[in-house]
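Participant: Residue strings, one per chain:
Number of protein chains: 2
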Amino acid sequence: MKKFVKNAIGREIPVFMEGLGNLTPFKGAYDHFPEGNRHATRLTKSFESENKLLSDLKTGIERSGIKDGMTISFHHHFRNGDFLVNQVMDILAEMGIKDITIFASSLQGIHKPLIEHIKNGVVTGIETSGIRGELGEAITRDHILKKPVIIRSHGGRPRAIAAGETKIDVAFLAAPAADEYGNVNGVEGPTACGSLGYAMADAEYANKVVVVTDHLVNYPATPISIPQTLVDYVVKVDKIGDPAGIVSGATRITKNPMELLIAEQASKAVISSGLVKEGFSFQAGTGGPSLAVAHFLREHMINEGIKGSFASGGTTGYLVEMLNEGLFKTLLDVQCFDLKAVESIKTNPNHVEMSADYYANPHNKGCAANKLDIMILSATEIDVDFNVNVITGSNGVIMGASGGHCDTAAGAKLSIVVAPLLRGRLPIVVDKVTTVITPGETIDAVVTERGIAVNPRRKDLKEQFTNAGLKVVTMEELKLIAEKLSGKPEAIQTSDEIVGLVQYRDGTIIDTIKRVVE
Amino acid sequence: MKKFVKNAIGREIPVFMEGLGNLTPFKGAYDHFPEGNRHATRLTKSFESENKLLSDLKTGIERSGIKDGMTISFHHHFRNGDFLVNQVMDILAEMGIKDITIFASSLQGIHKPLIEHIKNGVVTGIETSGIRGELGEAITRDHILKKPVIIRSHGGRPRAIAAGETKIDVAFLAAPAADEYGNVNGVEGPTACGSLGYAMADAEYANKVVVVTDHLVNYPATPISIPQTLVDYVVKVDKIGDPAGIVSGATRITKNPMELLIAEQASKAVISSGLVKEGFSFQAGTGGPSLAVAHFLREHMINEGIKGSFASGGTTGYLVEMLNEGLFKTLLDVQCFDLKAVESIKTNPNHVEMSADYYANPHNKGCAANKLDIMILSATEIDVDFNVNVITGSNGVIMGASGGHCDTAAGAKLSIVVAPLLRGRLPIVVDKVTTVITPGETIDAVVTERGIAVNPRRKDLKEQFTNAGLKVVTMEELKLIAEKLSGKPEAIQTSDEIVGLVQYRDGTIIDTIKRVVE
Numbered sequence: 001m002k003k004f005v006k007n008a009i010g011r012e013i014p015v016f017m018e019g020l021g022n023l024t025p026f027k028g029a030y031d032h033f034p035e036g037n038r039h040a041t042r043l044t045k046s047f048e049s050e051n052k053l054l055s056d057l058k059t060g061i062e063r064s065g066i067k068d069g070m071t072i073s074f075h076h077h078f079r080n081g082d083f084l085v086n087q088v089m090d091i092l093a094e095m096g097i098k099d100i101t102i103f104a105s106s107l108q109g110i111h112k113p114l115i116e117h118i119k120n121g122v123v124t125g126i127e128t129s130g131i132r133g134e135l136g137e138a139i140t141r142d143h144i145l146k147k148p149v150i151i152r153s154h155g156g157r158p159r160a161i162a163a164g165e166t167k168i169d170v171a172f173l174a175a176p177a178a179d180e181y182g183n184v185n186g187v188e189g190p191t192a193c194g195s196l197g198y199a200m201a202d203a204e205y206a207n208k209v210v211v212v213t214d215h216l217v218n219y220p221a222t223p224i225s226i227p228q229t230l231v232d233y234v235v236k237v238d239k240i241g242d243p244a245g246i247v248s249g250a251t252r253i254t255k256n257p258m259e260l261l262i263a264e265q266a267s268k269a270v271i272s273s274g275l276v277k278e279g280f281s282f283q284a285g286t287g288g289p290s291l292a293v294a295h296f297l298r299e300h301m302i303n304e305g306i307k308g309s310f311a312s313g314g315t316t317g318y319l320v321e322m323l324n325e326g327l328f329k330t331l332l333d334v335q336c337f338d339l340k341a342v343e344s345i346k347t348n349p350n351h352v353e354m355s356a357d358y359y360a361n362p363h364n365k366g367c368a369a370n371k372l373d374i375m376i377l378s379a380t381e382i383d384v385d386f387n388v389n390v391i392t393g394s395n396g397v398i399m400g401a402s403g404g405h406c407d408t409a410a411g412a413k414l415s416i417v418v419a420p421l422l423r424g425r426l427p428i429v430v431d432k433v434t435t436v437i438t439p440g441e442t443i444d445a446v447v448t449e450r451g452i453a454v455n456p457r458r459k460d461l462k463e464q465f466t467n468a469g470l471k472v473v474t475m476e477e478l479k480l481i482a483e484k485l486s487g488k489p490e491a492i493q494t495s496d497e498i499v500g501l502v503q504y505r506d507g508t509i510i511d512t513i514k515r516v517v518e
Numbered sequence: 001m002k003k004f005v006k007n008a009i010g011r012e013i014p015v016f017m018e019g020l021g022n023l024t025p026f027k028g029a030y031d032h033f034p035e036g037n038r039h040a041t042r043l044t045k046s047f048e049s050e051n052k053l054l055s056d057l058k059t060g061i062e063r064s065g066i067k068d069g070m071t072i073s074f075h076h077h078f079r080n081g082d083f084l085v086n087q088v089m090d091i092l093a094e095m096g097i098k099d100i101t102i103f104a105s106s107l108q109g110i111h112k113p114l115i116e117h118i119k120n121g122v123v124t125g126i127e128t129s130g131i132r133g134e135l136g137e138a139i140t141r142d143h144i145l146k147k148p149v150i151i152r153s154h155g156g157r158p159r160a161i162a163a164g165e166t167k168i169d170v171a172f173l174a175a176p177a178a179d180e181y182g183n184v185n186g187v188e189g190p191t192a193c194g195s196l197g198y199a200m201a202d203a204e205y206a207n208k209v210v211v212v213t214d215h216l217v218n219y220p221a222t223p224i225s226i227p228q229t230l231v232d233y234v235v236k237v238d239k240i241g242d243p244a245g246i247v248s249g250a251t252r253i254t255k256n257p258m259e260l261l262i263a264e265q266a267s268k269a270v271i272s273s274g275l276v277k278e279g280f281s282f283q284a285g286t287g288g289p290s291l292a293v294a295h296f297l298r299e300h301m302i303n304e305g306i307k308g309s310f311a312s313g314g315t316t317g318y319l320v321e322m323l324n325e326g327l328f329k330t331l332l333d334v335q336c337f338d339l340k341a342v343e344s345i346k347t348n349p350n351h352v353e354m355s356a357d358y359y360a361n362p363h364n365k366g367c368a369a370n371k372l373d374i375m376i377l378s379a380t381e382i383d384v385d386f387n388v389n390v391i392t393g394s395n396g397v398i399m400g401a402s403g404g405h406c407d408t409a410a411g412a413k414l415s416i417v418v419a420p421l422l423r424g425r426l427p428i429v430v431d432k433v434t435t436v437i438t439p440g441e442t443i444d445a446v447v448t449e450r451g452i453a454v455n456p457r458r459k460d461l462k463e464q465f466t467n468a469g470l471k472v473v474t475m476e477e478l479k480l481i482a483e484k485l486s487g488k489p490e491a492i493q494t495s496d497e498i499v500g501l502v503q504y505r506d507g508t509i510i511d512t513i514k515r516v517v518e
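Protein chains in written order, with UniProt numbering: chain P, 1 to 518; chain S, 1 to 518.
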């Protein structure tokens with residue numbers, strides 16, 4: 001018999017789940033404090049130069065000591081061009097290994113073959129920031145996974161690793177460039193992806209670390225993003241990824257006139273807040289109008305002669321141009337979204353690689369997300385309580401990624417969601433989002449084409465926006481307009497089966513994802 | 001009643017000491033394996049941007065929570081120009097704190113005021129790589145310290161930190177440049193010292209980390225040598241060091257004709273070994289003829305068109321020139337010895353900062369010392385079993401530093417000691433060194449002005465040296481020549497009191513240092 005409690009935002013959360021143990025319900029964005037010590041890895045030894053270089057991936061897997069029931073990790077810097085997850089899982093399947101938990105920083109459409117591995121019992125658990133494509137459908141609709149997927153934010157993942165909440169038995173690091181002793185960087189070779197920020201905590205805390213590369217360079221591989229001191233084996237393979245898939249198409253600035261209008265309104269809003277001043281910091285999420293806000297801020301910065309401190313997060317060519325124009329002193333980069341960003345991080349010392357821990361872990365002594373002045377966020381859905389969903393579609397199926405959404409919303413002085421009222425014919429502003437990734441208490445305002453809704457706890461902002469001539473409305477008003485345009489959305493039909501658990505950045509459970517039935 | 005055992009090189013070692021617990025005797029250079037897990041630090045939290053910046057050092061000390069009996073750490077990148085150790089200890093004395101263990105990467109003449117703090121009970125323990133000047137005299141002759149000094153190598157120190165052998169309560173980081181959130185680098189400001197390699201393990205494993213700087217820069221301080229994620233407080237002071245003392249004078253290439261002769265013979269020896277070839281790696285210790293070997297190798301490399309892989313360790317302008325000439329692909333730098341090296345590490349991406357862990361910790365998954373082909377070492381004394389002393393003078397008094405001596409000797413394919421037969425009127429080659437830092441089994445040959453002695457287990461080298469026309473002699477022969485020239489050295493008079501314990505890199509005890517009585 002499952003026992004449930006209501007968490008701080010009123011979502012029903014199981015207090016225990018088989019295979020996962022006790023769960024802590026979300027208490028409020030700033031109310032859960034970590035206890036105890038960080039995970040301690042085993043002491044190793046290396047008195048002389050061992051030969052770490054292995055001839056093929058299967059040997060690497062065997063030497064890593066993988067057994068049934070273990071947890072293995074991957075990073076997603078190759079995005080939809082990643083070959084490594086499928087290569088490793090095919091070999092594990094061949095070897096007859098079962099009951100593996102895949103601990104990935106994110107999963108993409110290319111990882112569809114996992115469906116078969118799940119059905120065959122090779123994989124029984126997945127922990128990830130996001131899942132895209134048919135894998136999400138199969139997990140949400142067909143409930144193929146034994147354990148619920150655990151969705152973590154980009155800051156929550158290194159937190160979980162450091163806390164020993166998830167113990168990585170073997171980390172597989174897809175390495176654009178590596179030397180034979182295990183130094184790795186992301187800026188050279190045919191699959192150069194720039195920053196390796198998401199792979200760093202894995203290397204630091206995994207019991208065994210296997211570097212897989214298609215570009216072996218002379219010792220020492222520099223710059224050193226992952227050091228030899230953390231690496232057990234280096235495997236040379238023919239191809240670890242498809243460069244075309246590494247570059248993300250979803251990161252160009254929108255040309256959609258309505259999204260540009262929203263972005264312009266959002267930039268007026270942030271300017272009116274007074275935060276856009278000498279030394280300010282900025283991040284924009286990917287997709288839709290959010291990146292376009294940078295474009296409007298740039299004009300304002302040039303006109304007013306304002307120079308920012310840093311821009312952060314995933315990095316695009318547009319931010320690189322702003323760096324080169326002197327509009328920001330530094331880019332703090334956890335992942336590069338395009339080749340311009342890759343080239344920049346390779347050559348410009350002011351374009352700095354940062355780990356996911358540095359970016360957003362709330363349980364270290366201070367992350368970059370804490371230093372953000374302005375954060376521009378996207379949303380799949382947002383509700384009248386300002387809670388945001390970016391993980392499930394309006395059909396209830398897992399199709400997105402938690403990313404740094406809740407981390408930056410909590411850390412930034414001003415976090416603004418930009419979203420059109422409707423997407424296709426579906427309302428974005430709703431009564432109650434399907435799944436909560438980011439709690440409303442950390443969202444300050446929502447900018448739509450029909451007006452800006454301000455979180456009631458930010459009366460100061462409401463006044464600033466109004467004084468600036470912006471149209472301030474309530475979330476209820478936005479919701480009613482949306483419903484008038486497209487009708488009230490039909491409720492999603494779900495069973496009681498929990499196919500996913502959404503962790504807040506601090507490790508508490510903010511929501512569940514139920515099986516969708518039709 | 002103390003119990004003693006003889007270790008693998010025949011030195012008498014106590015099996016237990018009050019305040020230190022059980023001690024493991026040295027078993028052989030490659031025979032002690034670590035057990036258990038790394039030290040786990042406490043989980044912390046930082047949900048929003050806290051104010052870490054404090055107005056003065058006393059506030060920083062108070063906020064760090066220092067209490068009687070704690071262990072505090074310092075790094076020695078400022079060498080004899082360091083102000084921080086004395087500043088902190090004066091405040092602790094004022095506050096009435098007692099029974100502090102100072103865990104320093106090294107101590108210099110400038111730290112003489114520690115004598116008073118020891119006598120007053122503020123300091124009762126010291127763990128360090130080296131001690132120079134009057135402090136060494138007071139410890140060795142007057143036995144002023146309650147617990148014996150623990151001497152560790154540069155690789156043994158991060159090993160001890162990571163293993164939790166020494167738990168650092170508060171780490172004080174002298175920072176040439178820092179921002180208000182705790183990012184630190186060593187390349188800017190009036191006390192720029194370049195690499196901060198020795199401070200990194202402290203920041204990673206200390207319970208509290210206090211950054212002290214006289215050069216506060218805009219956020220984020222880049223490059224980031226120590227990240228904000230590890231730092232609790234940042235203190236701005238007027239002056240953290242004297243730039244004149246930071247530059248080490250002992251690192252210029254010798255002009256002494258006999259030392260140059262020895263260096264030339266040593267370079268002929270290493271060339272005859274066949275190791276000086278495309279992609280080889282090299283390190284030379286400081287002082288005497290050892291750095292001059294680089295000078296002779298350089299000529300050979302230019303003549304033969306040989307390009308090395310990396311040079312490592314502490315870095316001088318001479319190595320920077322070799323990097324700039326393309327003679328090495330990379331410098332791996334744990335500390336900069338002069339301003340030319342500081343400027344180079346700031347601007348040349350092939351001049352790479354490395355942590356002491358990366359440099360030499362034998363209990364990670366692979367350190368740079370393991371990848372060395374050729375290591376040129378100095379010696380204060382060397383005995384007929386090839387054991388080397390670099391910590392005590394021939395009068396038995398602590399006056400030097402363990403440094404990376406035993407780490408690199410064990411890791412390198414070829415480790416050669418260069419030393420004159422006599423220094424002043426004292427023989428360097430002796431029956432039995434006063435204190436063993438590096439066991440003879442890891443030394444391949446000793447080059448003197450009277451010939452080269454080859455370790456009997458390296459018959460291959462003996463043949464190569466002889467074929468190259470070098471004069472090969474035995475250690476006994478060298479010792480006899482030295483004694484003929486200067487007489488047999490008088491035995492040092494010591495009591496049974498143990499004033500120091502010398503750890504081998506792996507944490508076992510290789511020797512003790514006894515109180516000198518006259």
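Because the hints were derived from the structure by calculation, they are not lab data. A few of these clues could be false.
Remember, identical chains collapse to one label, so a pair may be satisfied in a single copy or spanning two.
[Claimed, not checked] For lysine-lysine, the following DSS-like pairs were computed, each having C-alpha atoms within a straight-line distance of at most 30 Å:
{"no.": "1", "residue 1": "Lys462", "residue 2": "Lys3"}
{"no.": "2", "residue 1": "Lys329", "residue 2": "Lys98"}
{"no.": "3", "residue 1": "Lys45", "residue 2": "Lys167"}
{"no.": "4", "residue 1": "Lys329", "residue 2": "Lys346"}
{"no.": "5", "residue 1": "Lys329", "residue 2": "Lys340"}
{"no.": "6", "residue 1": "Lys346", "residue 2": "Lys307"}
{"no.": "7", "residue 1": "Lys484", "residue 2": "Lys147"}
{"no.": "8", "residue 1": "Lys268", "residue 2": "Lys255"}
{"no.": "9", "residue 1": "Lys471", "residue 2": "Lys239"}
{"no.": "10", "residue 1": "Lys146", "residue 2": "Lys432"}
{"no.": "11", "residue 1": "Lys459", "residue 2": "Lys45"}
{"no.": "12", "residue 1": "Lys119", "residue 2": "Lys239"}
{"no.": "13", "residue 1": "Lys277", "residue 2": "Lys45"}
{"no.": "14", "residue 1": "Lys329", "residue 2": "Lys239"}
{"no.": "15", "residue 1": "Lys67", "residue 2": "Lys307"}
{"no.": "16", "residue 1": "Lys462", "residue 2": "Lys119"}
{"no.": "17", "residue 1": "Lys45", "residue 2": "Lys67"}
{"no.": "18", "residue 1": "Lys236", "residue 2": "Lys413"}
{"no.": "19", "residue 1": "Lys119", "residue 2": "Lys58"}
{"no.": "20", "residue 1": "Lys413", "residue 2": "Lys45"}
{"no.": "21", "residue 1": "Lys58", "residue 2": "Lys459"}
{"no.": "22", "residue 1": "Lys6", "residue 2": "Lys45"}
{"no.": "23", "residue 1": "Lys45", "residue 2": "Lys329"}
{"no.": "24", "residue 1": "Lys45", "residue 2": "Lys27"}
{"no.": "25", "residue 1": "Lys98", "residue 2": "Lys236"}
Participant: Flag every earlier hint the structure violates by its number, smallest first.
Facilitator: Hints 1, 2, 7, 9, 15, 16, 21 contradicted; others consistent.
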